[in-house]
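> Okay, here's what each chain looks like letter by letter:
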Amino acid sequence: MKIREIDLKRYRKGIIPVLILAGLVFWTAKICNLNFNHILSGFWKGFEFTLKMFPPDLSTLPELIEPALVTLSEALLGTVFGTLLSIPLAVLAASNTSSPWIRNLVRFFISLERALPEIIIALILVAAVGLGVLPGILSLTLGCLGMMGKLLADSIEEVDPSSLEAIQSVGARKAQVIYYGVIPNLIPKITSYALFRFEINVRLSLILGAVGAGGIGYNLVYAFNMIEYHKAMTAVILIALIVFGSERISFFLRNKIKMEASLK
Amino acid sequence: MKTGSWVLPSKRFKQRILWTFLCSMVLIGISFFIGFNPTSLFTDFHYVWEVIGEMLPPDFSGLWKSPAWIIAIGETISMAFLGTVIGSSLSLILAFLCAKNTMPFSWIRILVLSFLTSLRSIPTLTFLMIFVIAVGIGPFSGFLTLLIITLGTFARLFSETIENIDPKPSESIESVGAGNLQIIRFAILPEILPNFIANILFSFDVNIRTAIALGVLGGGGIGYQFDEAMRVLHYRQAMAVVFIIILLIIPMEKVSDYQRKKLLGPGLIS
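In order, the protein sequences belong to chains S and Z.
If you count the first sequence from 1, position 76 lands on 76 in the numbering used here, and the numbers rise without skipping.
So the mapping is simple: the numbering used here equals the position in the second sequence, first residue as 1, plus 264.
Some hints here could point you the wrong way.
To be verified - Listed below are several chain Z residues computed to face chain S (Cβ distance under 10 Å; list not exhaustive):
1. I294
2. N301
3. D308
4. V312
5. M319
6. G338
7. F369
8. S370
9. T388
10. L392
11. G484
12. V505
13. V506
14. I510
To be verified - Just so you have them, the derived chain S footprint on chain Z, three or more residues with Cβ under 8 Å:
15. 342 to 352
16. 375 to 386
17. 399 to 408
18. 448 to 457
19. 487 to 500
20. 511 to 521
To be clear, the hints were calculated from the coordinates, so they are not data collected in a lab.
Ideal Cβ placement from N, Cα and C applies to all residues, glycine included.
Bound conformation, chain Z alone (with noise of 0.2 Å):
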């Protein structure tokens, strides 16, 4: 008894076997139908050292012979920034429409939620091509995408941490004979602030990498000049922009990062 079952493979084993060949199936059969062949990752791949190696090593001279780069490095960082700290206001009130403790007209949240799901749902890419042609390209198309991105995310950050609020300080204030409004300001906004202001952090570190990638798509800035770099073959000076692009990346994460962990206490970041 003890034998045969040491013997023959175990029901796990067989069930962990046949899983992992349905999933490689799948996996294979997604690959042939959208034509991915995972071999030419080793035959095609000297291609990428070439393009690297032709991009090497970095032409930062469109620093100092030009304007165009710091303006833009400029665009960047302030359409990063406007989108965050308007974007941000704007979903602290959404926030507070939509909040089941703050808002006691149903209708009015079931709107303004509905409203925010189909700002989240509908692609980026779909707003900055909207605002590319009804305002044209450059960091203002940018901005209005950004601060529509901020306000679908972070709105429905908010109103959640807004819902899962201790509800005794709103009571006792409200025992005393606080209004709705005072509530807000006395009970609820003391409460959410550390947690705002870190998300608040953490959405400037997220827009700038959307600020970023809008910019390749049209929206003005660093990705803007990157694409164009690109576009225009001028591989060093596309490879001195990474450059740029990372040293503006970096610093930002660690400060959002240190700014969090001294606001929310080290066990709370996700």
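In isolation and in its complexed conformation, chain S is listed as follows (with noise of 0.2 Å):
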């Protein structure tokens, strides 16, 4: 009995933050308009759909190659472009490399553009230039910037700065200093973060398709709209096999890249 009482006293600290939790979702998902006896009935029609996915139209796998790799193009595209760009952004971005308002205003339109999604910078590049590849391309060069330029402005300031210094004292000048002391120490970081990138690019080429931006993804959401169902899970299964393939590629690149720096 006395044992009990004190395994339960341990939970006491637990009832306020767990009920305000238990709150939370009751009002959330009165919101959302949804019950809970809802959940499993959802996922239990979903599942019912997907099975009338079934068997996929392999017929129509010639006229999706050309999409697919279009979407890859794209994140390659995409990933290149931002990356090339996001390291002058993150030399000025960083403490240790520009003075520090510009370093403020580099990091305020940073992160301004870390807060909108890709999908709606999309949206409004199409309205202005139609749609097509540039909107892809652009708004993921748009979201590399942000998300490198962040990442990367942080490992700059992290470099140390005693070599920093020694260049400094034989006489190099700013550009010097950031081309010979910041550039080589930040290469493994940029090879493997756009390889992150590349990988999340793909799956975002892949919405971005949806709203118009050119690729895999409108085929896919055009074959659901026109209840071309077996074509449309031909084009998911195409697509799970690019992401998992791109996933994986980045993922083996990316241990080579740590593997051979750690041997360094």
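Assembling the complex is the task here: the two chains are given apart, and the hints tell you how they should meet.
Written out as structure tokens, the structure reads:
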């Protein structure tokens, strides 16, 4: 009896947080018009519908290959441009390579950019320049800038100051310090972040395709809207293969970079 | 000898030129393939300024004219909150089912792991389309999609955390006769709890962004309002929604960053 009392006493502190959490859950569920009995039935309906999509219609595969390649190329171009542009931005946003007010200004813009989901940027760009790959690549580039700019700026600030001072002491100018002191330190990080971002960009470019930025996302949504569910299933399988493949490649290369960096 | 190596370009330099050349050729080839013309960035960019000019000043009247926007903001936040809470609790359970040191049966582990991998590989868009067709447009389908995304991402993360814990506490309480469940409760859970809470906060941050993106595609919430405003060319209202989205996301990010720093220490955030 006594042991049981002690056992329960330990949870007394947790009562109020759990009650608050439960209250929030019920309140938010009410806002969403969500009934907890519906969750399982919703999943079940989704599952039943997925079964209806089988078998995939493989005869549509040839016409899906090209949009799939467009999606991949879009992600690749977005990553490359974003990475190249984010390096100068990161140099401007790091406290040890630029003046404080430039740093704060650039950081403000980076965080503003990161607060905007890519799909919103893509919708605005689609409204401006029309359907096509241009809005997709632009918004992926901007998204890449926002993430890589912040991460790279943080890692520039972590660069060992003694190596920078050593270069300064032999008479290097600011640009030379950055080129010979900062950038070589960053190369492994830049590559691994870029690979990681490529993985994200592949997923994003699918979603952007759905709002008209080109690629297989558009075909997927179109197939769903045209009630061609078997074709949609083919697209889903193709997309899953692409995403899985790009994730594996990115993971493998990142691990390799990590290994090489640790050997040095 | 010395001057020779000084005058001729070094091997490394040649290599670098070759690689740069090859990479740029590949990029140019890809650009041709998808019909992307970088000069159109400069020729077409004034359209972007025109649209942004039309969007300013933002028209916030939707906030008080009708309750639709307020409801939409509430829906987005609740979608993200519910997806995070329910998704991360479920993913904690799944994580224990697929971590090597808590799940003795390898077939269950492989089953759960392959399920999670397939959840992560199938794109968000598919789940959303399926749920929109199955249960209709609205926050409910967005919530179900968010739940699945949270499961796919965080169950794997948690299981890696569980696998990477220090085995000594579990061994020591095993040696005094604790069962498997007791090991989980008294050795593993306390060790992963800070990481778990930090990841929940991170997942809330991610889920709010995803909830907005899902809204645009038919998941309800503030994203849907944005899409609607863009569609009927009410650009100034759309800009107001953009401002609301920024105001929603930035505080979430700050809070999540601050709490994670507090819980994990400064060095552990990627």
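> Now tell me if each hint is right for this structure.
Checked hints:
Nearest Cβ of chain S to the Cβ of I294 of chain Z: about 4 Å, under the 10 Å cut. The hint holds. A distance limit of 10 Å between C-beta atoms decides the matter here; for N301 of chain Z the minimum to chain S is near 8 Å, and the interface restraint holds. About 5 Å separates the beta-carbon of D308 of chain Z from the nearest beta-carbon of chain S, less than 10 Å, and the hint is met. The restraint placing V312 of chain Z at the interface with chain S holds, with a minimum CB-CB distance near 4 Å, inside the 10 Å limit.
The closest approach between the C-beta of M319 of chain Z and any C-beta of chain S is roughly 8 Å, which is under the 10 Å cut-off, so the hint is satisfied. Given hint, G338 of chain Z at the interface with chain S, holds; its Cβ is 5 Å from that chain's nearest Cβ, closer than 10 Å. With a cut of 10 Å, the hint placing F369 of chain Z at the interface with chain S is violated, because the nearest CB-to-CB distance is about 25 Å. With its C-beta approaching chain S no nearer than about 22 Å, S370 of chain Z sits outside the 10 Å limit, and its interface hint is violated.
A cut of 10 Å between beta carbons decides the hint on T388 of chain Z: the least distance to chain S is about 7 Å, and the hint holds. For the restraint placing L392 of chain Z at the interface with chain S, the shortest Cβ-Cβ distance is roughly 9 Å, inside the 10 Å limit, so the hint holds. For G484 of chain Z, the interface hint holds, since its Cβ comes within 10 Å of a Cβ in chain S; the closest pair sits about 8 Å apart. Interface hint status for V505 of chain Z: upheld, as the beta-carbon distance to the closest one in chain S is roughly 9 Å, under 10 Å.
Taking 10 Å as the C-beta cut-off, the interface hint given for V506 of chain Z holds, the closest approach to chain S being about 6 Å. Interface hint status for I510 of chain Z: upheld, as the beta-carbon distance to the closest one in chain S is roughly 4 Å, under 10 Å. Here the segment 342 to 352 of chain Z counts 6 residues with a CB under 8 Å from a CB of chain S, which clears the bar of 3, and the coverage holds. Under a criterion of three residues with beta carbons nearer than 8 Å to beta carbons of chain S, the stated coverage of the segment 375 to 386 of chain Z is upheld, 5 such residues being counted.
Figure legend: the segment 399 to 408 of chain Z, annotated as covered by chain S; annotation consistent (7 residues with Cβ-Cβ distances under 8 Å, at least 3 required). Check result for the segment 448 to 457 of chain Z against chain S: violated, 0 residues qualifying (beta carbon to beta carbon below 8 Å, three or more required). With 5 residues carrying a beta carbon less than 8 Å from a beta carbon of chain S, the segment 487 to 500 of chain Z meets the three-residue requirement, and the given coverage holds. Under a criterion of three residues with beta carbons nearer than 8 Å to beta carbons of chain S, the stated coverage of the segment 511 to 521 of chain Z is upheld, 3 such residues being counted.
In summary, the numbered hints that this structure violates are 7, 8, 18.
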